[in-house]
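Here the sequence shown stands for residues 106 to 229, numbered as in the numbering used here.
These are calculated hints, taken from the structure and not from any lab test. Mixed in with the good hints there might be a few duds.
Said to hold, decoys possible - Estimated spans, in silico, between C-beta atoms of each pair:
1) 185 x 222: 42 to 52 Å
2) 183 x 149: 46 to 56 Å
3) 181 x 139: 45 to 55 Å
4) 139 x 202: 41 to 51 Å
5) 211 x 184: 18 to 28 Å
6) 198 x 224: 35 to 45 Å
7) 156 x 183: 36 to 46 Å
8) 177 x 152: 30 to 40 Å
In this text, a Cβ means the ideal position worked out from N, Cα and C, and glycines have one as well.
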Amino acid sequence: MSEDPQRRPRRETVTYATALGGGPVPRPRPPHAPARFEISEQTTLGHTYVRSLMRSQLRAALTGLCALALLVGSLPLLLALPAPEAVVWGVLGVGVHPVVWAVARWYVRRAERNERDFTVLVER
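Please construct the entire structure, taking both the sequences and the accompanying hints into account.
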């Protein structure tokens, strides 16, 4: 008895629930698309991710700018006090640069940390 190749029986997957008459088993939902996909496809969620990075970078920049404005902006008040000329040049030539360097270093480290956190979020 040879079976006709065109009349093969239809395959059917039998699971425990269907064997008991419980109907078809729902398939598990696929995981969420990675954030990298959301960003590259320019979806609303991807826009939210990028916007959060931009806001955190802006917050760091404004904090650094305010720190510089307060520290360097207060120099005219300090220099208005009677002081020898050597002290004035010392404050302007030597005292300002470490302050600017420290604020710049803080900003770069903060920006890199924001980007690192964003990368971790996107790669999950």
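Each hint, compared with the structure:
1. 185 x 222: 42 to 52 Å: For residue 185 and residue 222 the Cβ distance comes to about 43 Å; the hint holds.
2. 183 x 149: 46 to 56 Å: holds, 50 Å
3. 181 x 139: 45 to 55 Å: holds, 52 Å
4. 139 x 202: 41 to 51 Å: Given about 44 Å between the Cβ atoms, the range holds.
5. 211 x 184: 18 to 28 Å: holds, 25 Å
6. 198 x 224: 35 to 45 Å: holds, 40 Å
7. 156 x 183: 36 to 46 Å: The hinted range 36 to 46 Å holds for residue 156 and residue 183, with Cβ atoms some 40 Å apart.
8. 177 x 152: 30 to 40 Å: holds, 36 Å
Checked against the numbered hints above, the structure violates none of them.
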